[in-house]
Amino acid sequence: MSTSMVTVQQEVKHNKRRNRVSGYGIAFTAFGTIWLIITVYPLLYMLMTSLRTQNGYLMGKPWLPPLHPTLDNYVQVIQAGFFHYFLNSVVVSVSAVVLIVTFALFLAYVVVRSRSKIVHTIFNIFLVGLAMPIQAAIIPVYLLILKLGLYDTLIGMIFPMVAFGLPLTLLILVNFLRDIPTELFEAMGLDGASDFQTVWHLVAPLSIPSLVSVGIYQFIQSWNNFLFPLVLTQNKAVQVLPLAIVQFQGEHTIDVPVTMAAVIFSALPLILAYIFAGRYLRRGMLTGFGK
Amino acid sequence: MPGTRMNWQRWVMTLPAIVFFGVFAIVPMCVAVYYSGLNWSGIGQAQWVGLANWANAFSNGEALHSLWLTIELMILCWLFQNPLSLVLGVFMAGKQRHRAVYGVIYFIPLLFSSVAIGITWSYILDPEFGLLDSLLKALGIGNGSENWLGNQHIAMFVVALIIAWQFVPFNSLLYQGGARQIPESLYEAAMLDGATPIQAFFFITLPQLKYTIITATVLILTGTLTYFDLIYVVTNGGPGDATQVLAMDMYKQAFTKLNIGAGSVIAVILAAFGLLLSILILRLTGFNKMESQMEGV
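Each protein sequence line maps, in turn, to chains A and B. First residue of the first sequence: 9, per our numbering; consecutive thereafter. First residue of the second sequence: 124, per our numbering; consecutive thereafter.
No lab work stands behind these hints, which were simulated from the structure alone. All of these numbers come straight from a predicted model, not from anything done at the bench. Glycine included, each C-beta is placed from N, C-alpha and C at the ideal position. Mixed in with the good hints, there may be bad ones.
[As the list claims (entries may be wrong)] With the Cβ distance kept under 7 Å, some of the chain B side facing chain A (calculated, not the full set):
hint, residue
1, Gln-132
2, Phe-144
3, Pro-151
4, Phe-214
5, Ala-223
6, Tyr-225
7, Tyr-246
8, Phe-324
9, Leu-348
10, Thr-349
11, Met-373
12, Ala-377
13, Thr-379
14, Lys-380
15, Leu-381
16, Ser-387
Construct the complete structure from the given sequences, taking the supplied hints into account.
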């Protein structure tokens with residue numbers, strides 16, 4: 009009898025506490041909702057404006073959806089050559105990612121598997137580059153690219169991007185490879201595998217999740233990189249998207265809706281990737297920092 | 124048989140990374156030190172002037188001004204991003220379904236380049252047709268034609284707020300990860316002792332997130348140091364020189380005024396900052412230790 013009383017009392021107390029907790033929960037959700045609005049509304053503005061006519065933009069209320077939505081702006085963006093810039097961006101980003109990940113994986117393998125002092129010094133030099141700003145090297149890089157005859161070429165943008173993508177990628181892969189049991193390497197060695205074979209048959213397959221994460225991260229970085237294209241190109245034939253939208257904006261100063269369409273177009277692949285593979289993108293973004 | 128010794132295959136493997144990093148990062152950074160002593164427009168004859176560019180940069184106060192603005196931007200970015208990201212991260216770490224949905228949406232700004240975000244916000248803040256001013260006018264708040272980015276007293280604040288809009292999603296993801304690793308039992312014990320959620324936040328969550336706070340702080344400082352793209356698009360360093368941070372100043376000196384020497388002085392200052400931050404990262408995380416270790420960050 010008395011025990012059940014206690015239980016009931018506890019239950020009541022518990023419910024009370026839970027109510028109090030949910031009060032906090034509501035306040036917390038309200039806070040989260042405010043940030044949700046702050047996040048979404050500018051994005052919505054982007055989308056709504058890109059569907060407006062020029063007149064609709066000048067006369068209408070910017071906070072409401074357009075009365076007569078139109079895709080004309082997107083047509084105009086495509087006609088302005090954005091599909092070409094899009095392909096340039098794809099070539100630059102994909103090449104940069106493939107080179108960064110391959111080179112970093114090779115070096116990471118050597119760093120993990122050898123006890124050479126020189127290699128560890130090299131590793132430490134790479135790590136010092138971790139927070140090195142591109143801006144610190146851009147002036148000599150610009151003059152070097154000019155000298156090499158790579159100004160206004162896609163390769164001229166890819167090479168420096170690879171250099172600056174290496175430190176973080178290397179660090180992440182080294183951290184990952186260290187967790188591969190030494191016995192596996194030794195077993196490969198006993199089977200007579202060379203270093204290249206070990207990387208190909210053991211290291212690469214095991215590190216696929218890391219490679220995907222770090223690859224996604226570097227892809228986003230390259231896709232959105234602005235300083236290298238700005239300084240290293242001026243010919244429209246080799247323009248990539250971030251530079252293209254800035255130039256486009258300069259040519260259409262009054263036509264805001266068409267510029268907004270260009271902005272959305274430039275982010276389209278990442279938006280689609282997020283819709284279909286959001287988890288990977290979120291994991292990729294946190295690569296090396298999260299954990 | 125591959126052991127732990129170097130052989131030719133291993134040297135071949137290290138070569139590409141070393142060549143690329145050396146040629147396009149390390150050597151240029153060293154060359155920048157040499158350029159900082161030149162009087163040169165990038166073409167034609169260069170003239171060695173020793174420390175004249177350095178003396179110039181500090182005597183006319185322009186470089187000091189950009190240095191100060193960079194530090195100011197770092198502080199503003201930290202204040203605008205870190206506390207907010209922490210609370211949002213804890214919010215997203217909750218198991219409730221709606222929080223997960225919110226988290227998915229919070230991420231979206233990270234898909235856009237700084238340039239895209241800069242262009243969008245400069246239209247939102249436009250004094251004539253912008254979203255914010257027309258919204259304020261419709262609500263009857265203020266004069267409805269505030270020139271947010273053209274006012275040199277608030278331009279830097281506004282820039283820092285736009286940066287926060289862009290990067291709070293990233294930092295809150297960090298905190299979400301950190302908060303999820305806090306053992307549930309700590310909260311259960313606190314609840315049994317009658318702690319309120321607010322108390323639990325200050326006495327459990329906050330201390331447990333110590334390492335995440337350090338990581339986020341370093342990343343915010345590193346990011347802000349090189350903040351260029353968005354400022355280039357939104358204010359181009361203006362109005363006047365109100366948002367002329369180091370990276371912006373460097374770009375203008377070298378590529379607009381064609382003064383390679385003066386630009387290189389600022390580049391070297393940036394490199395020194397970067398070096399300092401790299402060492403800080405390595406010290407705080409112990410990344411360069413040779414043992415496998417994953418905790419902490």
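Quick one: which hint numbers does this structure break? Sort them smallest to largest. Violated: hints 5, 8, 13, 14 and 15.
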